[in-house]
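With chain A held as given, fit chain B onto it using these hints.
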Amino acid sequence: MNPQLTRRHFIKGVIFSASAAASGAGYYIASAASRSPGAVERLISLNVNGRVRRVDVLPQETLAHTLRYRLNLTGTKLACNRGECGACTVMLDDIANYSCSVLTHQVKDRAVITVEGLRAEDGTLHPVQQAFIEELSPQCGFCTPGQVVAAAALLRANPNPTREEARQGLSGNLCRCGAYDHYLNGVMRAAELMA
Amino acid sequence: MPSHDVMPDMELYQPVQVEDALALAARLGERGWLLGGGQDTYGWLKDRAKRAEALIDLNGIAALRGISETADGIEIGALTSLTEIATSPLINQRYGVLAAAAGRVASPQIRNAGTLGGNVSQDVRCWYYRRGLDCYRAGGNLCYADTPEGMNREHAIFGQSRCVAASPSDTAPALVALDASMVIRSENGERVMPAADYFVGPAIDIRNTTALRTGEILTAVRIPSTWANASFYFEKVADRNVWDFALVSIAVAMKLNGDTISDSRFVAGAVECKPRRLLDVEAAVRGKPRDAATAQSLGDLASRGARTLAHNQYKVPLLNNLVRRALHIA
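Chains as they are written, first to last, in this note's numbering: chain A, 30 to 224; chain B, 965 to 1294.
Keep in mind that the hints were calculated from the coordinates and are not lab data.
There could be a bad hint or two in this list.
If the Cβ cut is set under 7 Å, some of the chain A residues that face chain B in the computed set are [as the list claims (entries may be wrong)]:
(1) G67
(2) G112
(3) E113
(4) N214
For each residue, glycine too, the CB sits at the ideal point set by N, CA and C.
Chain A with its partners taken away, still in its complex shape (with noise of 0.2 Å):
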């Protein structure tokens, strides 16, 4: 199979091309036209993993739209869509927050941290990353990416978290395959690795 045509790049170019044709660059341009004096401006810049992105928000996007369909960092996952669930946890400033569940113009002057952005630049692995395979900590995987940066924004918070301190801090993120405990022993092996 050829590797430059995954799975997920065929349904992007499907999804992308099928609302290209549905929404219409015209209708854009009048919205932006009719805009009301105070109002913010679309275009803005973004601090994502640490690079400036500039890009076009609508005013009531989320920000969990924006970096999946906008900056394609599909990492963040949207379940619930309503702060419910964890699985588009993001750091901003450091914090854990349900992306989806915050507007992309609240962010602007925020540093905004997805799973793509914690391993280093040689591609290391963040500890909780590393130590989450190691102690098998996903099964399914689907809620993982949430679980990563939750406890990430917990070691940040409190590099020697107690475990039931870890369970607090990972306590909005839901795992329907029940492996809390094995995510639990992933966090406090991270902070060991931490150490």
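Chain B only, in chain A's frame:
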């Protein structure tokens, strides 16, 4: 119900001065929507159950954030996050009941984004109402919850008046217990009202859970020194320890004179559309020791006058037991 990925078209304003936000709130009127942490807002808008033409994002207003000491107590900006309140050394030291309540809201991520002003001003969680049905609270002329087949396990046992929804806020009972007051500003000036009057039930106003009117912004909460360093108790019972709203919660402040209770505040959450002060309990424990005997002597005083619905009778013993526990867990 389907949750839409993207919210409908809206304008977004991001003022950095309170005065600009007040001017926007006055100009936009019913078409505007004040945005704090947004943790209640986005659900309404994504579900298309409520609409707004413009969001007024208050998060950029530095003057609305932070905890400061005043001549008589503390003042908390309405945009201060629940995490900041739950972890503030000052609040933990003097007003532990508020820190405990803020720390039990939803999940860590929601507490990081959610604000005190939003937590006390959030709308009720009745799913018929949030589904967008034309119930009394939504301007219609019937209640879907208070029917023989209605799902009303989480609803109120006191103070129903056409609407039977319960107050969802964890911090609201704590603020009433601390005799807090709410600072409300509009273009016409400032008014300060007791927390107990800020929350309103359906008999007084069926469309709003607070006294906040269009064009007004809750800017701060003031907590007097009256109950500083008192003996506190907070407990929230919910189906899950994370995310879920209270089935019943209790916030208690007690002043002890030697072994006896000289004065107290007992306030329950999620039993009425507003925090419910248990005045009979406060009167009954005055002058009594904080012990198991006093707890037992109360009997069903806390729940007297309750009117239960088809599925929420369990709230009666739950409320009575939480009051007892506040008295005999030191």
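Hints and how they fare:
1. G67: Holds: closest Cβ of chain B sits about 6 Å from G67 (chain A), inside 7 Å.
2. G112: Given a least distance of 6 Å, the restraint on G112 (chain A) holds.
3. E113: Holds, because the Cβ-Cβ distance from E113 (chain A) to chain B comes to roughly 6 Å (cut-off 7 Å).
4. N214: 20 Å, violated
Going down the numbered hints, you'll see the structure goes against just number 4.
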